[in-house]
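Position chain B against the provided structure of chain A, taking the given hints into account.
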Amino acid sequence: MKETTGAKLIVETLASLGMKKIFGYTGNYILPVFDAIKDSSIEVFVPSSELGGAHSADGYARATDEVGVVITTSGPGATNLVTGIATAYMDSVPILAITANVPRKKLGKDSFQEVDITGIVTPITKYSHIITSVDELEYEIKKAYALASSGRKGPVLLDIPYDVLNEKVCIKNVEYSLPKAIVPDKNAIDKAIALLNEAVNPIILVGGGAKDASKEISLLAEKLSCPIVTTMRGVGAVDSANLLGVVGYSAPYSNNTQFKKADVVLALGTRFSDKMYAKSKGKKYIHVDIDLAELDKIVETNSAILGDVKDVLPLLLNGVKARNLDKKFTRGALKKNRLTTLASTIAELDLTDVIVATDVGSHQIALLNALGAKNHKELLSSTGLGTMGYGLPASIGASIATGKHVLLFTSDGSFNMNFNEISTAVKYGVDLTVVIANNRSLGMIEDIQRNKFNARYIGIDTPDISYALLAKSMGAQGARLTLPKAQETLQKALTERGVKIYEVRI
Amino acid sequence: MEKHYLSMLVDNKSGVLSRISGLIARRGYNIDSLSVCATEDERLSRMTIAISCDERTFKQIQAQLAKQIEVEKIVELKDSDSVLRELLIIKISCKNNIIPEIVDLTTIYKAKTVDITESSVILELTGRASKLDSFIEMLRPYGIIVMARSGLSALQRGATCLKESD
Chain A
11 MKETTGAKLI VETLASLGMK KIFGYTGNYI LPVFDAIKDS SIEVFVPSSE LGGAHSADGY
71 ARATDEVGVV ITTSGPGATN LVTGIATAYM DSVPILAITA NVPRKKLGKD SFQEVDITGI
131 VTPITKYSHI ITSVDELEYE IKKAYALASS GRKGPVLLDI PYDVLNEKVC IKNVEYSLPK
191 AIVPDKNAID KAIALLNEAV NPIILVGGGA KDASKEISLL AEKLSCPIVT TMRGVGAVDS
251 ANLLGVVGYS APYSNNTQFK KADVVLALGT RFSDKMYAKS KGKKYIHVDI DLAELDKIVE
311 TNSAILGDVK DVLPLLLNGV KARNLDKKFT RGALKKNRLT TLASTIAELD LTDVIVATDV
371 GSHQIALLNA LGAKNHKELL SSTGLGTMGY GLPASIGASI ATGKHVLLFT SDGSFNMNFN
431 EISTAVKYGV DLTVVIANNR SLGMIEDIQR NKFNARYIGI DTPDISYALL AKSMGAQGAR
491 LTLPKAQETL QKALTERGVK IYEVRI
Chain B
23 MEKHYLSMLV DNKSGVLSRI SGLIARRGYN IDSLSVCATE DERLSRMTIA ISCDERTFKQ
83 IQAQLAKQIE VEKIVELKDS DSVLRELLII KISCKNNIIP EIVDLTTIYK AKTVDITESS
143 VILELTGRAS KLDSFIEMLR PYGIIVMARS GLSALQRGAT CLKESD
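Top to bottom, those sequences are chains A and B.
Yeah, the first sequence ends on 516 if you go by the working numbering, and it's all consecutive.
Yeah, the second sequence ends on 188 if you go by the working numbering, and it's all consecutive.
Excised from the complex, chain A in its bound form:
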């Protein structure tokens, strides 16, 4: 057995798990790990802040379906990850966060840059653990990695005291074995088939857990001659003529009407967020999900199927009778305004091999509604937590992971939160086109204040920033675009290298 140090073991174990690119911000107690990276096959990408690193690891994971890794130092380095971890948790994105902590003898003494990060992230991780002995380090990294990327994916965190990083240890090549895959229950499948065969107006509701089953969903919708709707997280999961679009509070009226008319809902990989309709009254629900705790949590189901959507759908496809109805499905659209027009312009660009990202707010809703029946499996959008400022660092992570061009549609409010990461994008030479829909206001909050607070506006104005100059100051290109010019300029930008930031006044 080879003797090494805790820090080197971390890096070698990550490399053995196939990690080549990770995100990290240095600091006192994480230094041994950074030092070990210098001699390894792993490349570390350094953001402007740890939060940027966490979102980049999230973007990496969404774009590749692999675990995104972020490493930081103790104290504020660790707490800066929290929003990024919570974002990943709410959208079931696999992230492995590794934080350093003070040496074991200083733990619990309120030492400089000491926080109980495993305690802080407990409710927003699948697993969080502080290493107390260097002997458990290798196993715990493999365990955390496996847990993040299996079942319902999600973030995990390992906290490692500084003295453990420097301690001598032998690499034992231990393995962590995952629980057995779930076999869907035949009775529940039979019940679901019977419900679908008896349905008059069935509908398929697609969530984020169905992203690997695009083909099967389309085939089933064709066989049932039924419409497909998606949650916000499910946008881009399916490419089908039967797709209507999003349902819920931020969806077109016609889509919601279709959903209301349905008598049987086949819900695939969704947690029935409060932002969508989930009223059971008068409907029968078939719910397929990999997480037992999601079944019967919000809606009472008539058939609850525990399993991976892509394993369950072939079984349903086999059992349901073809309905062969001559139905046409009309996609819903949001009311036309300058913002939705810009979103449609972006959605209609040739986005082959381009990863699409959004930030959070009205622009996000406009683009997610406009994207249409195209498969955007790698779509980057914080839909569960609604994290403003997510878009730019996530785009950087996705571009670093794949080498693809990323198109980020953002807004003044969201972009202002993390624009310090422009310099990160420039530093690593990523290909990134950013479109800022600038209305000099937090648009979604302005709408709520108009409707619910008698137009008493407060706290919504955004500062007057020259985004072109801001871009240039960090080595990117920047310009203001008019709406009619947007299509031509953006399509050209997507074929060019480098970071380009376009502001469109809305």
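Hint data in this document are derived by calculation from the structure and do not stem from the laboratory.
Some hints here could point you the wrong way.
[To be verified] As a list, the in silico EDC-like pairs of lysine to aspartate or glutamate whose alpha-carbon atoms are at most 16 Å apart:
#1 B/K81 <-> A/D249
#2 A/K225 <-> A/D249
#3 A/K233 <-> A/E208
#4 A/K190 <-> B/D137
#5 B/K113 <-> B/E94
#6 B/K81 <-> A/E226
#7 A/K414 <-> A/E506
#8 B/K35 <-> A/E146
#9 B/K89 <-> A/E22
#10 A/K152 <-> A/E22
#11 A/K294 <-> A/D321
#12 A/K115 <-> A/D173
#13 A/K331 <-> A/E498
#14 A/K320 <-> A/E226
#15 A/K320 <-> A/D195
#16 B/K81 <-> A/D306
#17 A/K116 <-> A/D126
#18 A/K190 <-> A/D321
Only chain B this time, still in chain A's reference frame:
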């Protein structure tokens, strides 16, 4: 609302109790008791949870707990096939003249007297929660100074048992 009982084997590590109790708090489940104790295997602790809720909420709690990585095993204990016990230690005001009455009560309930002074007595009772409730009610007129209940501990009856290897 029905009474439900869960028995769990969880990893004997720091932070596990916090994860479980945090989950219960965050999701707004109102539990009657939670007790944690060592087991014959030092890697594992046993948690026993008593909850009063409807069947659907109970299934949801069970599913939320079962998916925690640190929960190795979870089983519902039914009243009929389990031994459910709780410990009560209670201190009451007790002048000399009422000692015979207290002795009668401890005899009836099979409680123990564990401490006695001129003005107070501490009694100990193990049993089902309902028996403890009844004992407390009988003692209330004498003046309860302070009391502590352990929360429920439970095991399945018969040969079946909750072990990691099952």
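Legend entry - Given hint A/D321 paired with A/K190 - CA-CA distance at most 16 Å: holds (14 Å)
Legend entry - Straight-line alpha-carbon gap B/K35 to A/E146, limit 16 Å: holds (13 Å)
Inset, instruction - Would you check the hint for A/K116 and A/D126, treating anything up to 16 Å between C-alpha atoms as holding? - result: Holds. A/K116 to A/D126 sits at ~12 Å (cutoff 16 Å).
Legend entry - Restraint check for A/K115 with A/D173, where alpha carbons must lie at most 16 Å apart: holds (9 Å)
Inset, instruction - Compare the distance between the alpha carbons of A/K190 and B/D137 with 16 Å, and conclude whether the hinted pair is satisfied. - result: violated (54 Å)
Legend entry - 16 Å Cα cutoff - pair B/K81, A/E226: violated (31 Å)
Inset, instruction - Verify the proposed pairing of B/K81 with A/D306, using a straight-line Cα cut of 16 Å. - result: Holds. B/K81 to A/D306 sits at ~9 Å (cutoff 16 Å).
Inset, instruction - Quickly compare the C-alpha distance for A/K414 and A/E506 to 16 Å and report which way the hint goes. - result: holds (11 Å)
Legend entry - Restraint status (C-alpha distance of A/K225 to A/D249 at most 16 Å): Given pair A/K225, A/D249 holds - Cα atoms ~8 Å apart, limit 16 Å.
Inset, instruction - With a cut-off of 16 Å on the C-alpha distance, tell me whether B/K81 and A/D249 pass. - result: violated (36 Å)
Legend entry - Straight-line alpha-carbon gap B/K89 to A/E22, limit 16 Å: With a Cα-Cα distance of about 30 Å, the restraint between B/K89 and A/E22 is violated, given a limit of 16 Å.
Inset, instruction - Would you check the hint for B/K113 and B/E94, treating anything up to 16 Å between C-alpha atoms as holding? - result: The given pair, whose Cα atoms are some 38 Å apart, is violated under the 16 Å limit.
In summary, the numbered hints that this structure violates are 1, 4, 5, 6, 9, 11 and 13.
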